[in-house]
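Peer 1: Whenever a hint applies, use it, and build me the whole structure from the sequences.
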Amino acid sequence: MTSQVLLIEDEPNIIEAISFILSRDGWQVRSHSGGQDAMDVVRARKPDLIILDVMLPGRSGFDLLADIRADPQIAATPVLMLTARGQRKDREMAERAGASLFMTKPFSNAEMLEAVRSLAPRT
Amino acid sequence: MSSEPPGAAMTGTRIRERRLARGIAQGALAASVGISASYLNLIEHNRRRIGGRILLRLADALQVDAQTLSHGAEAALLATLREAAAEPREKPGEPPPDLDRAEEFAGRFPGWAHLLADTLRRAQAAGRQVDALADRLAHDPQLAASLHEVLSVVTAIRSTASILVETPALEPEWRARFHRNLGEDSQRLAEGAERLVQYLGEGPGTGVSTGRDILSPQDETDHFLSASGHRFDALERGGDPDAVLAQSDLRPGTSAHAQARAALEIYRSDASALPQAALLAAVARHGTAPLALAQDLDAPLPRVMRRLAAMPEDAVGPVGLISADASGAILSLKPLEGFAATRLAGACPLWPLFRAAALPQVPLRRRILQPDRGARPVLAIAACEVAGPAEFNMPPLLRSFMLLLPDAPDADGDEALPVGTVCRICPREVCAARREPSVLRAAEEAHDASGF
Numbered sequence: 001m002t003s004q005v006l007l008i009e010d011e012p013n014i015i016e017a018i019s020f021i022l023s024r025d026g027w028q029v030r031s032h033s034g035g036q037d038a039m040d041v042v043r044a045r046k047p048d049l050i051i052l053d054v055m056l057p058g059r060s061g062f063d064l065l066a067d068i069r070a071d072p073q074i075a076a077t078p079v080l081m082l083t084a085r086g087q088r089k090d091r092e093m094a095e096r097a098g099a100s101l102f103m104t105k106p107f108s109n110a111e112m113l114e115a116v117r118s119l120a121p122r123t
Numbered sequence: 124m125s126s127e128p129p130g131a132a133m134t135g136t137r138i139r140e141r142r143l144a145r146g147i148a149q150g151a152l153a154a155s156v157g158i159s160a161s162y163l164n165l166i167e168h169n170r171r172r173i174g175g176r177i178l179l180r181l182a183d184a185l186q187v188d189a190q191t192l193s194h195g196a197e198a199a200l201l202a203t204l205r206e207a208a209a210e211p212r213e214k215p216g217e218p219p220p221d222l223d224r225a226e227e228f229a230g231r232f233p234g235w236a237h238l239l240a241d242t243l244r245r246a247q248a249a250g251r252q253v254d255a256l257a258d259r260l261a262h263d264p265q266l267a268a269s270l271h272e273v274l275s276v277v278t279a280i281r282s283t284a285s286i287l288v289e290t291p292a293l294e295p296e297w298r299a300r301f302h303r304n305l306g307e308d309s310q311r312l313a314e315g316a317e318r319l320v321q322y323l324g325e326g327p328g329t330g331v332s333t334g335r336d337i338l339s340p341q342d343e344t345d346h347f348l349s350a351s352g353h354r355f356d357a358l359e360r361g362g363d364p365d366a367v368l369a370q371s372d373l374r375p376g377t378s379a380h381a382q383a384r385a386a387l388e389i390y391r392s393d394a395s396a397l398p399q400a401a402l403l404a405a406v407a408r409h410g411t412a413p414l415a416l417a418q419d420l421d422a423p424l425p426r427v428m429r430r431l432a433a434m435p436e437d438a439v440g441p442v443g444l445i446s447a448d449a450s451g452a453i454l455s456l457k458p459l460e461g462f463a464a465t466r467l468a469g470a471c472p473l474w475p476l477f478r479a480a481a482l483p484q485v486p487l488r489r490r491i492l493q494p495d496r497g498a499r500p501v502l503a504i505a506a507c508e509v510a511g512p513a514e515f516n517m518p519p520l521l522r523s524f525m526l527l528l529p530d531a532p533d534a535d536g537d538e539a540l541p542v543g544t545v546c547r548i549c550p551r552e553v554c555a556a557r558r559e560p561s562v563l564r565a566a567e568e569a570h571d572a573s574g575f
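So the sequences go chain by chain: P and Y. In this text, residue positions in the first sequence follow my numbering: the first is 1, and each later residue adds one. In this text, residue positions in the second sequence follow my numbering: the first is 124, and each later residue adds one.
What the hints contain is simulated information worked out from the structure, not anything from laboratory work. Do not take every clue at face value.
[To be verified] Which residues of chain P face chain Y? A partial, calculated answer using Cβ under 10 Å: (1) D10; (2) L82; (3) T83.
Predicted model, so just to flag it, every value in this text is computed and none were measured. Note that the Cβ used here is the ideal one computed from N, Cα and C, for glycine as well.
Peer 2: Right, here's the structure in full:
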């Protein structure tokens, strides 16, 4: 079974590009673009890795991350946080909230691939 | 802030209590300290503030120490002084304040002590304002949302573009899809960038207001002068600068008020020496040629230039004027369309404005051209004048002026002199005057450096 990546991001063309490069690299990619119901999707899919945008419509990525870490069923899932602001404060907040890795937009495809490969074991 | 520390009012009450307790008549106490009984009465009813020598003499006469009498007043001041003493020092080697002598300091030098306390309060208020501004940059939701949008689109474009470039044998359907995405995103990026520029252009205080605008005194003066189009009809008619200022928003006692007043004084003496009617009559004979006007009117060139800049535009056309002191600081700035000038970040040393000071008796006349997009050649005439009275054995203190006129292709046919705006945004690579690298050329410069 291929490893599954859940991409929670509201920018449709980022979803399309990341989905493309990750699926070419052998990942099964699912995406979700809302903040409100994202937890339901995470619980239902139980992905091997979550890529999570900090700024989501309806809900902060930090809150979502806190919920993920608080749910024993999914708490161990590696989470790669994406943000448009590379400020130290955001990085600290992401670390405190339990992000496994933190990437600043705009990132390159190579960086994305490298991050995903380092976070999730491929089967 | 008010100069009345809390508790000051109670000093009089304490004096009265102490006097009554000792059974001394008001008149007798007043006489013993050399003040009138009615004045002491005012003091005792907290209608007059006292401090310094009268307080010390009253304390002496009442056989208490001055601290006890004025303790309420002094307490707040002393607390502030202790706070000041606890502030981190710029130079760690300096002797620490004598904390145990704070009371003596406040008692013997109340004026200095209050000044120190006021200065601390002002520094604290300024610090809070800086924090608020920094906070605004970091947390302004509108700015954050705009930046997030732009960066998100840039991310999508970068990712999509590198897929198109790096994927060998990309299927035509995918290729078409990514091309379409790129098209959409570049459109959105253009719009987002435009919104961001618009927002930043509005500046703090005009959009999401977080308080009063933060303007330097120089900015306030500029606002005042440009609001009137650098022209004052009242002064043309021999009016008084103070009357003009009284109708402005500038508050007396502020630095901006003082600067504006100095500018208006110069305007008034220029206007009385070169009245508008005489100047415009000469302009009818010579056009806006400053040197011919100066000769005809027997007036110094800088004065003619200042007067041209104050004339109505329908009479002389658009005229810009920039002045600078000997340190290169821009003193006044009346812009001319097509020539970018700013007080921020320092101007370009290549401007004739600054080069005129090398030979103060030789006015310069050059067509100049900035590299910025949208810049047009303009005609610059620069001249110096001596500021302040002459002194023996002292080189004169110069002030430079540069008049900016719309381009008139030169009879001599000389090329427009390339000049800049400010180094940071100037693309001219080889420049002896460069102070710092340009952000526009940062990437190419490393590459080009090997060529020199």
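Peer 1: Holds or violated: is the Cβ of L82/P closer than 10 Å to a Cβ in chain Y?
Peer 2: This hint holds: L82/P lies near chain Y, its Cβ roughly 8 Å from the closest one there, short of 10 Å.
Peer 1: Take the shortest C-beta to C-beta distance between T83/P and chain Y; is it under 10 Å?
Peer 2: Since the shortest Cβ distance to chain Y is 8 Å, the answer is holds.
Peer 1: Does D10/P meet its interface restraint, that is, does its C-beta lie within less than 10 Å of any C-beta in chain Y?
Peer 2: 8 Å, holds
Going through the hint list in order, the structure satisfies each hint without exception.
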